[in-house]
Amino acid sequence: MRKLDLKKVPSISETIDWARVLMILHAEILNPALVQETLNIFIKFEDDVAIVTEKSPL
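Reading the sequence shown from the start, the letters are residues -17 to 40 in our numbering.
The calculated lysine-lysine pairs, modelled on DSS-like cross-linking and capped at a C-alpha distance of 30 Å, are:
(1) Lys(-11) / Lys26
(2) Lys(-15) / Lys37
(3) Lys26 / Lys(-15)
(4) Lys37 / Lys(-10)
(5) Lys26 / Lys(-10)
(6) Lys37 / Lys(-11)
(7) Lys37 / Lys26
No lab work stands behind these hints: they were computed from the structure.
Build the full structure now, drawing on both the sequences and the hints.
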């Protein structure tokens, strides 16, 4: 995702926040639905979420 042309590339702290959320949710695997539901934790702009969703094999 860091290579995509986003308004705000996820920082390390946002990535850690996302990992914490995944731990709270007791996520054992990353499936497309879980990633899509939690993207807003580390991708801050809706336009960026759309770009990531479009360009990633979710």
